[in-house]
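Take the given structure of chain A and dock chain B to it, following the hints.
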Amino acid sequence: MAEAVTRLNLQAPPPELEREPLVGNQRSIGWISDRVAGIVEGKTPRWWWAAFIPSFLCMSMLGALLLYKITIGVGTWGNNHPVMWGWDIINFVWWIGIGHAGTLISAILFLLRQRWRTAVNRAAEAMTIFAVMCAGLYPLLHIGREWLGWWLLPIPNANGPIWPQFRSPLMWDVFAVSTYFTVSVLFWYVGLIPDLAVVRDRARTKIRKFLYGLFALGWTGSNRNWSNYEKAYLILAGLSTPLVLSVHSIVSLDFAVSQVPGWHTTIFPPYFVAGAIFSGFGMVLTLLIPLRSMCKLEDVITMRHIDLMCKVTLATGSIVGYAYIMELFIAWYSGSEYERYAFMNRVAGPYAWGYWIMMSCNVLVPQVFWFKKIRQNLIIVFIISILVNIGMWFERFVIIVISLHREFLPGNWGYFKPTWVDICTYIGTFGLFFTCFLLFMRFLPMIAVSEVKGVTPQGDPHHPMGGAKAGEHH
Amino acid sequence: MKTIPPLCPEPETGPKYWRSLDQLADTPEFRQWVEREFPAGASEFADPVSRRHFVKIMSASFLLAGMGLVGCRRPEEKILPFGKAPEGYIHGMPQFFATAMPIRGSAIPLVARSNDGRPTKVEGNSLHSDSNGGTDRFAQASVLDLYDVDRAMRFTKRGDTVSREVALGFLNQLSREASPNGGQGLCFLLDRSSSSSRHRLQGLIAKKFPKARWFAYEPVDFDLHRQAATAAFGKPVRPHYHLDRARIILSLDSDFIGSEGDAYRLIRGFSKGRRIQKSEDSLNRLYAVESLMTLTGANADHRLRVPPSAVVQVAAQIGAEVLSQAGIGDAGEIRSALSRLGQAAGVKPEWVRECASDLLAHKGQSVVMAGYGQPLAVHLIAQAINTALGNVGKTVQLLNIDEPAAENIAELAKALNAGQVEALVVIGGNPAYNAPADLNWSQTQRKAKTVVRLGYYEDETFAASDWHLPLAHYLESWGDARTSDGTLVPVQPLIEPLFGGITELEVLARIGGLEKTSPYDVVRETFRAFVPAGDFEEAWKKFLHDGFLANSAAKPVDAEFDWGAAAKTIVAVTPSAAPSRDKLEVVFHRDSRVDDGRYNNNGWLQELPDPVTKIVWENVILLSKKTAGELGLVIVDRENNNLQVPLVRIAVDGRELEGPAWIQPGMADNVVALALGYGRVQTGRVGKGTGYDAYRVRSSSAPYIAVGAKLTSVGKLHQIATTQNHWAMEGRPIIREANLEQYRQHPNFAKGMNMHEPPGLKDAEGRPESLYPNPLDIPGRDGKSPREHAVHSWGMSIDLNACVGCSACMMACQSENNIPIVGKDQVSRNREMHWIRIDRYYTGSVEDPQVVNQPMLCQHCESAPCESVCPVNATVHDNEGLNVMAYNRCVGTRYCSNNCPYKVRRFNYFDYNRRPLELLNGPIYTSPLTHKVDGEWELARWWKNPDKGIRPDNEWELLKLVKNPDVTVRMRGVMEKCTFCLQRIEGAKIAQKVKAGPSGDIEVPDGTIKTACQQACPAEAIVFGNLKDPDSRVSQLKKQERDYTVLEFLLTKPRLTYLARVRNPNPAMPDYKERDGKPESFREWEKKGNTLGDLENPGAAHGGEKKGAH
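Keeping their order, the protein sequence lines are chains A and B.
With numbering that gives the first Met the number 0 applied, the first sequence corresponds to residues 0 to 473, in that order.
With numbering that gives the first Met the number 0 applied, the second sequence corresponds to residues 0 to 1109, in that order.
Selected chain A positions facing chain B (Cβ under 10 Å, derived; list incomplete):
1) Gln258
2) Val259
3) Lys416
List of simulated lysine-lysine pairs, DSBU-like, C-alpha gap at most 30 Å:
4) Lys1037(B) to Lys1052(B)
5) Lys624(B) to Lys416(A)
6) Lys416(A) to Lys715(B)
7) Lys687(B) to Lys156(B)
8) Lys416(A) to Lys687(B)
9) Lys1009(B) to Lys1027(B)
10) Lys541(B) to Lys994(B)
11) Lys959(B) to Lys931(B)
12) Lys448(B) to Lys207(B)
13) Lys416(A) to Lys613(B)
14) Lys992(B) to Lys1037(B)
15) Lys541(B) to Lys83(B)
FYI, nobody ran anything at the bench for these hints, they're computed from the structure.
Built from N, CA and C at the ideal position, the CB exists for glycine as well.
Next up, chain A with everything else stripped away, as it sits in the complex:
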């Protein structure tokens, strides 16, 4: 098609102003459909099995460990008396944080007309959903009597006319996380509908046709379909946008509302949101850098995408770094012996190593993204993205464990160590995450085909290469 286009004699912008195209190598619309749907339709690659089998085993281990924990008690974890929350809440917050990038990319960047989001939004949204699933497991299962977890829901129960306690941030968590999960799933699914139709239309077997057809909800690609679809998508984007900010703000209130020195801070909501976006982008990079080469998607997820994501990481990492410094300053400025000690204890206490891992991974390491050369080096970016995730894990460790282990009365200061169950449960959540993610990329189009087509020159009616100029009907 593209070859048939006769170029208009327009003056081209000077090369330094030319934006790098969002789809590399001037790939055609058909190529995009073929390549993306090809992952779903083609033979299962070997590397997929190599990744799936260990992931599945880890997920099975998670199931076994949760059964073990439910039959015996929370004591199987390392949680103890001053440190009543340990790896359970650390990992909850960590996974929730990772779940932030997806909706940010899909909703906020959509509203801000950042067209580069199209290549990464589907995978990021899937990542969000699976990360929130992993996160959701923890608050549900960290409680002492798991079978009564539904008492946190505002529904009539055996306790008579007693409602949940609406003053408790844990209550707000329940609403925030469940709303976030529901809206994220809807958003993701709505975005999937046109692409499911693409896979359906290309299907060769009846079963595929039926199943993809079922989930494509009778999509025909008509003007009316598109018009409704785009409205729905816009509305959902509008709905998701405040959620991006609310979920992690509310999670941060679990801490900020309490009076534990080191938790009781007004800076927490914005700082948690920035941290969440930071870790979310870290995780997106960790996932997409290998994926784009495995699935040969370099022309769709281009170096420009990587570059932009690195910049977001740098920006949010700096915000987080500012927050760390601010916390220290406020602790000193408050004049409160207990606040000062809590922060001194982070910097130089028995867990200082945790604090310094956090500081270096979250504040120092991302600063190298100031350099374009580094942003273009996939190996370094990949390593840094993993460091960012480690750093953000330690941020939660610092906040939860270091604050709790030495509080007001020195008489009950304690120490926390995880047990093997803690560690293996955490590994198990990776199993759950990757199992879901691998299934997703194998069975669903992991790039938003229709949207990517829209950002190609061919998809732009005003572009010299735009499809309309070819005189085709559309």
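Quick look at chain B alone, frame taken from chain A:
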């Protein structure tokens, strides 16, 4: 049957009246209509047969439905109601009986609670003239011993079970066989007892079998006090101290607050002199000379740490000083003997001089006490000083107490080795475990032809006995005893012996060949001697009811100090050389939890943290930091849930033991402390594998202090568990204290240590207001808030000046509130469950620290941080000010504990109440998916009876009896905490409501409710009551200047406040100047840049500008 109104009988004659045309017509339809009162179908059941059938079917179906209902749990077995109810018994209501716990030649008067026939809690008998109702931790924990799953439950002959009759028959036979030869070869080994009945029986047996020999053995023997006083005063007397009358107390290694006998009574006297109301009041002053850091040293105003062997020198120096200045005429000889002992190394002469002059300034108002571990000479010096100061008859009374003569265990060993023993009767004790190592007792005992043993456990001595009889617990036995002042008290059973155990009185009565051998008869018979014959029955009833015989206390006697005899003993003493790194001194001391080993299988005591070291479930080898450093031991002492300490080997006289080393601040250098009572070979499921056995290196020649010991590192590490990992208070004003001088200058000092108030909302009275007003403070329609409606407003005050840290409250709480034990592994993860704990901080240097204690329990905050964060409303406030916990509603998010600044909430990480005892030691709780109990798969077992869980049957059946039925037994996954003994509050409120009747006076009078901790506290440091009543004791205490709130700046407004501690050091003493006249904790607080602010307006603008936070 339905009643159909009969039709009016028609008159045969006369006019016929008709009511309607239908009736007139009298059609069959009409007749039927009249018959049918109700619409069609409704009277089908009018037929009696079919209606009965219907009822039958209905009831049958109800019954069938009812089978599955949990609510209808009728026993299937035949049960018989009381034909005639026992007097005073109301089902479900506890009954209280006066009794006493005999211990080591003394007794604690008690009132024991019985719930449906099972004793569940003991409390001190406050009616007793020498008791305030306080007890010690052992008495509180003794209830658990009654239900010990490992106690001796059978009569045995050489290990084989025999019937009770056979065993008792053997005792009769023993008696018959001994008769012809006057008891030749019959030996008795007894523990110390104050039982008059036992003394009487001993007398009877001695008369009948004059050749029988009597031996007494206690591994920790308080009889030394009597022996010393007898030697000093030339009469059989025992010293009885009245610390409440003393202004100056000098302890010569006497841990009268911790390990001495009758400590609960001495604590009461001591604390009485510490409880002050105003700054003008005077305080007593305690000087302690000791080698270990004991509770006495922790409470001392001046503490001198010296090796144990040097105590005699310090005593001699003080004695010489006092005697020379007191001008006792006939003390010349003794003075020269004292000065010959020389000076203890490293002791400042000013210390001795000023201490002596302080004593001299308080003649007749001071007291000097020597510890059970010190040799006779120290006791004699102590009594000499008391005599010189005129204390005898005032603070020290000499009680004439006749003790049956007994030889010591070494003599018995000699007799056994010589083959002179035909039959050895061992009553109580456990000599095979705790006899001196050089006697090699388990083999020596075997040399008797027959050994009969009455014991509570099938323990080490069991293996070396031919006959073993199960001893009854004191709550199962009839007996009598004398308390420390000599008052006669009854030992009453509350329950039939659970396993058919018998008492020592019965054994002695049978051997004595008495006609009436039942202990009840024996005790009654003994009692006859104390009351006039005519009043016997009435007096007996009163005796049992009150729990003591009034006016039976021993009469104090006057006695002259025998200066010559004392001098002779003192002259014979040669001071030993100061210990060094290669020649360490060893102190064997009574353990503060398992005593001499008798409570080794008591889980409550095993899990009770040592009041000083806070270590649980074992004993450690205590060293000073300097000594450990010199010996090259690296002991990490920071908080860590896997505390690994080096194992060391101690060698004394060729005997060795291995144990974990631990640094004790305040220990004398080159001294090691070995606590007795652990490392049992043969003990129960609880005590198994706890600690090392210090008896292995203890010889009869050096029972308490051994010199020349060597310590070498084994090169292995050992894990220990403590309940408090951090030792320092970090300069935080948590426990606030001042010296008396400071207190007089700044009576408001405690409030002056408040943090400056954050700027914020203030109410009309200028009090900071919380952002969210408590719903209980919001006025209702009648203009009164729920709090104002309440009749009561509960609060508590703890006097840190009175509290000595003895931990009796912890045991009382555990017993009252069904608190489970969790085991060493769980404690090392800080998961112990105590609702009240005693925080112990060291302040100052590690060599000579000051120690402060603080009982910490739920503060019942008015704006409780725990409440607002609970998502399921499981912890809420009631209108009487209690922070209550609804276990059933708790799902276990643990947020409340995170947000509790006092960290007093405890979480059931596992199902501690249902875990088999064998799993106490970990390493981890087994999974019910894989584990079997009693040969049955755990899950299946749980399915059948979820209440019983995975406890083996024998544990379950016994241990459930100890539970207080008024308190929920918590399951796993729920949070729990102090309730201020809600069950007691409610009980008292209900009783008051019943009593008030229509009068409406439902306010519980002050003093009616005592929380379990308050009740057990011998120091009366804890006071609970109604804050709405301005005259209640607690309201009065809270008005004191010393009243302060811990972490007041958080505005949690606790209902529990503390009274600041006031130390009373002597300004002339050297350490007073070294400490700048301030307590160490105060100096640490000042070092943080704090100063006592504007005391007229406490709290406000305190350090304001300087801190720059406004």
